[in-house]
Amino acid sequence: MRWLTVSSLRNKLEELFGADLRSLALLRMGVAVLVLVDLIRRARDLTAHYTDGGVLPRWALLEHHYNPWAVSVHFIAGSWQVQAVLFLVAAIFGAMLLVGYKTRLATIFTWYFLMSLQARNPFVINSGDNLLKLLLFWGIFLPWGEFYSLDRVTRNSFAVSPRRVFSVATFAYFMQVIFVYLFTVMMKTGVEWQSDASALYYSLHMDQWVTSFGHLLGQLPEEALKFFTVTVVRFEWIGPFLLFVPVFTTFFRLMTLAGFFLLQLGIGLSFKIDLFAFISVAAMFGFIPSWFWDNFIYRKKIKEDMAPSSGSSHSADQNHFFKDLAVFAREMVLIFLLIYVFLFNVAFLPNSKFLFPSKLVWIGNFLGLGQNWAMFCPSPPKETGWFVVPGRLKNGEWVDVYRKGAKLKWEKPVLASREFKNDRWKEYIHVISSPERQKFLFYYGGYLCHEWNSKHAGSEALEALYIYYVFSGTLPTNQSSPVGAMLLWSIACSDEGRST
Amino acid sequence: MKNKFKELFGADLRSLALLRMAMAALVLMDLAERSMDIGAFYTDAGVLPRRALFEYFPEPARFSIHLISGVWQIQAILFLAAAIFAVALFAGYRTRSVSFLSWFFLVSLQVRNPLIYTLGDQMLRLMLFWGIFLPWGSRWSVDSHSNPVPQESSSHVFSMATFAYAAQIIFMYTFAAYCKSGAEWRKEYTAVFYTLNLDFLASSLGNYLLNFPSLLKLMTFFVVWLETLGPVFLFFPFWTGPIRMVALSFFIFMHLGIMATMTIGFLPWVSIAALFGLVPSFFWDKIIPAFKTQPSLEPISRSPSTKKAFSVVCDSFIAASLVYSFFWNIWVVPQSWFKMPPSAVWVGKLLYLEQGWNVFAPYPPKEDGWFVMPGTLKNGESVDLFRGGEAVRWEKPRLVSKEFKNDRWAKYLEQVNMKIHHGLRAYYAHYLCRQWNSHHPPERALRQFEMYYMREQTLPGLHTSPPQKILMWSHKCAG
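Chain order of the listed sequences is Z and Y.
For the first sequence, this note's numbering gives the first residue as 1, with consecutive numbering after it.
For the second sequence, this note's numbering gives the first residue as 1, with consecutive numbering after it.
A hint or two may mislead.
Quick partial rundown of chain Z residues pointing at chain Y, CB under 10 Å, derived from the structure [unchecked claim]:
| hint | residue |
| --- | --- |
| 1 | W59 |
| 2 | A60 |
| 3 | E63 |
| 4 | V71 |
| 5 | V73 |
| 6 | G78 |
| 7 | S116 |
| 8 | G218 |
| 9 | A326 |
| 10 | V327 |
| 11 | A329 |
| 12 | W362 |
Sample of chain Y residues lacking proximity to chain Z, with all beta carbon distances greater than 12 Å (derived) [said to hold, decoys possible]:
| hint | residue |
| --- | --- |
| 13 | H66 |
| 14 | V224 |
| 15 | F282 |
| 16 | Y324 |
Just so you know, the hints here were simulated from the structure itself, not pulled from any lab data.
Predicted model only: the values in this text are computed from it and were never measured.
Even for Gly, the Cβ is constructed at its ideal location relative to N, Cα and C.
Same shape as in the complex, but just chain Y (with noise of 0.2 Å):
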């Protein structure tokens, strides 16, 4: 019995190794990701300057390194830094420090500006936060190679670790089944529907599949059932290691899906690369045997007693960690009868641990729209500023998502878009103004602007309401 829960939530050493490459890949991607709009969302000059980040999201307990400027070179220099910890993870050198402050700088980077804060974020910064106690670094590891201590046992190991590690997973899918509770995912299953509806989300792929209504529901129906039994054969008690290849494969395929049909960011891709530490050793043994020769390296030893005490500490400090962020997700689930006590949630954010996965759900949004920022020129020209200077047309683009610079610039139009975001978009105006005008002589000055927002209601079956034209903003430019 005991060996069993062990076996179910302990982990494979080389499977740790892989979650920890591909843990490091994801933050340098999103690193190079981020680092081409480097002005715009983490600088003074860009669309949320320090004092406007302080003003709309004051979080005092919240940290970030990030803040200790406002320039972009500065900017510049700490994400060189975070992709030297990001590179070091990947190889495995220093694992444990490394892992602590790619972490660091992940949490840093996000707290710097929550308005292009996506899912995706959440699940990469709490793998971190996870792998900083995972032995990661035991395979496949500069670490493994230059300081080799023989393990005594198998390549499977259990720590508290371990554990949390698998109950994060376990949370991620069974919360974000339970908050689906509306009609369209539950019973009606129009939810995908709805979903690729949204047009600044789907791709084109997502956009022809709307034509196939009742794929679209046995997708909803599909994706229901596996995040809610998902779980349940991830940690089968029987045929552990198929079983969990089979339930795996099924979760593979879904992001797969997700990553085809919608512009999400890279969610997909964490969303993949966070199952990995799940990988059975059935899987390398006799799967990929070349894998099984490998000689046996362990680097953590565990007998000197002062190293027993801190491990101690670690397990109680993980143990704590876990059990707060359980209860934080119950806090947050819809009609909770859990509230985090007041005097608590400091820790919540001073850790970053703040988690919920509430998506699309109860029911995915039933309207969306597009943006058309018009603008007059000093010599009388009239352009969209929001599509580089192009004439302004105020019918629907072809593929709504294809509008947007990246999936960043997206999130971004989407939060500025919010009503309680309403004052931030005087930042954003006073950026495009700059933008223009340091791009364009003198002549083609910008004078002034509108933000428009074109929103469009999914109605059942396959109608849209007509467009309804929303002023956002109006600006006059500064000079």
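This is chain Z alone, in the form it adopts within the complex (with noise of 0.2 Å):
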């Protein structure tokens, strides 16, 4: 056999770093598949959250949140049509991808129009949408479309390609994926996090990011809710390193999976953060180790054509150098950009001393590098927000615009997640709600303005509009503190606020 040639550590290496072509494969449906759901559930909001026309005009976005280095073809028109027809070739793309057909294409365009889709409205998109887009740029890198493709079956020898393979962008996947975790949890530096453990409970009764299930479970007994907390952040110490155990690899490998999938099924059911959970789980599929295909799904399949490979061993020819020099290169660029990722990771740590040098910033905001994985870091914030938007109409009746001219109600909802109408307006809605965001609020009412009036008209039609921040406090005791109200703006409909 070829391989008993190497050394046994760089055998091992291989075992850890290495990556199953299957399970990359395995990643990159996943990938693609959320790509396209994430496609369908933002079109919903076409107009309202990527044209002109909507709460986020092009010119806000420059104006006020301003990144030279970003990118995006979704800016060439501020019109539904042309936005529609670039949902439509995102599409095309992430269909390429899901069925690998030029893979690597299709990899680059669909990593390309997700930045730029993100880059057109940075404020409705969440952690997970990060890690969807690092995942797409790591995959332009890894061999994803060596199975489960057309790209395999048009090819005409597929008989002796490896089952494994350990490169530079393999080992650059994974600690993208474990610099996720390990990140998130040296930023959690709260005493809610650290000593009195408090912070699931916290999380849980911030109403408007939990479902009717994590409501359910916010009300556990202290003890349980303790434990929980405990029990998340030693996962999300140990297991990153629990992957790459070198003794009994595969059993580690397995098991650590299975509890990643535990935690992120927890997430998925107790808070409502888009596709967050679906995400960072088809994260890991790459991790999968061999041993779960040779004898899990193909357990009856022949074992001769198993021979795993990691090394090229085709092609000889004279070009041979020169290819070599291009794989030595891009190798070089992927370790620089490996480093640049953690040494933009640590800038964000609590009490870090390392800045990160400003020269460099243009790299991550050109390539979409950029991340910060500080979800309810250092603690979680102890607040339920929501939104009232009392509109006064022309014949002097006060509705809440923001609940289609019901009456106005100052009381805590019942479960504040629901009063948004999905997670991207969530998501929007908290960010806008934020003092130094103020700004964008102008354009939010001149939207709700333009909306209300395009269906009202005559004595039904909006005057004027405040917009409210309603919240309330969390307490210690499954209690929450009485409603308070800010008023964050408020504007005269007769210009219906598109006046700049």
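Make one complex out of these two single chains by using the hints.
Here you go:
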């Protein structure tokens, strides 16, 4: 056997940081499906979120949230027609990625279109979206089209392809995924996560983020929630290392993956954060060890074509030198980018002495490598918030514009997460209610006026509206404090808020 | 009768190939010229950042790939991509695709900065649009050499596309003539006089011609009647070839005259090149018989039924676009009876079929002027920013049109001088501060400056009113 000649250390490293091509293919398909689902879900708010007639016209973004190195194709036009075409094109590339047709090309375009879409409206995205984008970026360099793909079918020789690969790309992909957990746990420095372990209690009482299941979970006895909090923190610390145990690697890997799956299942069942849990689960597909495929999925298959190999043993032509050179250059770039990403994360750590060199920030902006995994860090917020938007009609009546003209109600809703049209809207409302984003309320107010007045006329027309952020603090005793309301913005609708 | 129609509104493949190469060359010329000012006109650090564009020209239906970024590096890549496609168009390599891409990039470029948009741009863009559908890659192209399909008939073709192209030329001259309704064009024949009095346009020859008023009257007469009757002779049903050659010569002569007397960018070049597709077979067969023996190649085979179905869809699209363009022209002429329904306007915006040919119409403007921008430096020195830091002089320059860096800048200043674009002067002022301060040592840093427009009115006869000093903007540089 060929690979007896390499040292066993290298062998082990390959086992630890190499990936099974079938797992990578599963990763590819998972990512592609999520991209498609994401597009379909986003398409519901095509006009509101991605056109000049929506809540974030292009000029608003350029004026108040300028990122010169974000190169977004979604800026080419402000009409829904052109945006729809772009969505369609992105979906075509996503479908190509799913079936593995011209995989490398499809990956590049899917990545670019996702990055571009996220840059068009950075206020509706969450950490899961960022992870999906990063997976696609590293995926460009992964051989994830080798299995379960049209590319494989159309290639004439697929009998001798290896089952496992080890490269800088697989390593970078693994590191990217564990950075998520390692850096998020390192940022969980609040007492709620550490000494008094009340973080889960507070998280599950942020009603705008929880499902009804999560709401129920929040009613569990204090001791149980404390136990879960401690378990989560410990697992986020240990889990990433358990993925790379040099002995009984497969066993530990499978157990740890199961652990991560359970963690994400818990998050997905309790919290409403769009596709976050799904993306996090799919992100781990590439970790699935070969054993899973060889002994579990393909148990009856003949063993002989299982010859694992990692090197590229094909083609020995004259261009060999240049090919090697190109591979070497690519790996160097990948190593640089991996270090870049690592340092980028380090810079966000609390009490970090390291300041990211400002001259290099453009690379991260340009390639969409920026990341910050501070989720409920350093401690979960202790507040539930939602919007109430009283509007005065021409006939003097007051209605809640946010709730399609319902009667004004200031009490805390049963479950605040139901007060948002969908998770993207919730993310948006959350972002613009923060003090430094108040300028964007102007556009939101204008949008609400326009929406209302395009459906109501005459005495029912809206004259003015007042955007209130209504909140209620979480007390440690399973109760919530009295409701407070803060006027964020008011706008007269006669000019429809369209003039700038 | 039917044959005659096809002869009149068809085209010779060699002429179309010439048209293709000329258009590609013009696109390259345009790109080369514009690339001198990438930083100024196409980036967020220039005179029209994207947010200013969105604010002053809110056109959500228009698209521009140049909006994807505001940094010059990305713009440079886009310029390069456009140039590559134009070279491919010139060579006739994958002609149909690169025609589309060249059009796409040209539209994008024009939408990115409407302030420097000229009539020549409009002409070039429309020619590329119809070119997408023309068989202009059938001759003198890489495509025809690498993929030769013997052609059954002559080199004369007729299709919906050739008809649309011919119609576009007719629209241009007919509507231009129709719009020139002022007495200056129709009765007094003083239009050329007033036009050449526009100092920012007149070349030195144009300036000199002002001394010959009766010659200018003759020229006015010639222009108006050529634009009115010329199209008839271009499509004359008898002796078509020779008569068309004569008509073409007249038009080319007119455009050469405009080129010699005015500095209006590449409009005359585009106008001449746009006529190339009309060159009759007569020219190639009789006048340049060398080309007669050219092997007949026709890569567009029309046999399979799927292709036929596709060509029906294509033809319908071309026909619809043509009809739409016609009505757009009707809409924009003064005192029109027709109004484009608001729900249909976006089509013209999206495909950028928008057009209007009212140049110097109904009569040429009768006022013009020049710019003086006195600024104070940190060391107390006073300089003219408009003239790259020369001493401030208030008297009229010898030749105003020479004062501008190029035609695009002349257009830009004309636009920014308009009242509706008042707010855009702030961006220009910022740009001037940045430019000056990045090229000069701190002790010569620019403190503040004013922009003045020296307005002058053209009176009948050889007189002009004394110039009026108009303050456009006054600015204090930051920092």
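Hints, one by one, checked against the model:
{"no.": "1", "hint": "W59", "in the structure": "holds (4 Å)"}
{"no.": "2", "hint": "A60", "in the structure": "holds (8 Å)"}
{"no.": "3", "hint": "E63", "in the structure": "holds (5 Å)"}
{"no.": "4", "hint": "V71", "in the structure": "holds (4 Å)"}
{"no.": "5", "hint": "V73", "in the structure": "holds (5 Å)"}
{"no.": "6", "hint": "G78", "in the structure": "holds (3 Å)"}
{"no.": "7", "hint": "S116", "in the structure": "holds (8 Å)"}
{"no.": "8", "hint": "G218", "in the structure": "violated (44 Å)"}
{"no.": "9", "hint": "A326", "in the structure": "violated (22 Å)"}
{"no.": "10", "hint": "V327", "in the structure": "violated (25 Å)"}
{"no.": "11", "hint": "A329", "in the structure": "violated (21 Å)"}
{"no.": "12", "hint": "W362", "in the structure": "holds (9 Å)"}
{"no.": "13", "hint": "H66", "in the structure": "violated (8 Å)"}
{"no.": "14", "hint": "V224", "in the structure": "holds (40 Å)"}
{"no.": "15", "hint": "F282", "in the structure": "holds (45 Å)"}
{"no.": "16", "hint": "Y324", "in the structure": "holds (16 Å)"}
Figure legend: structure checked against the earlier numbered hints; hints not met, in rising order: 8, 9, 10, 11 and 13.
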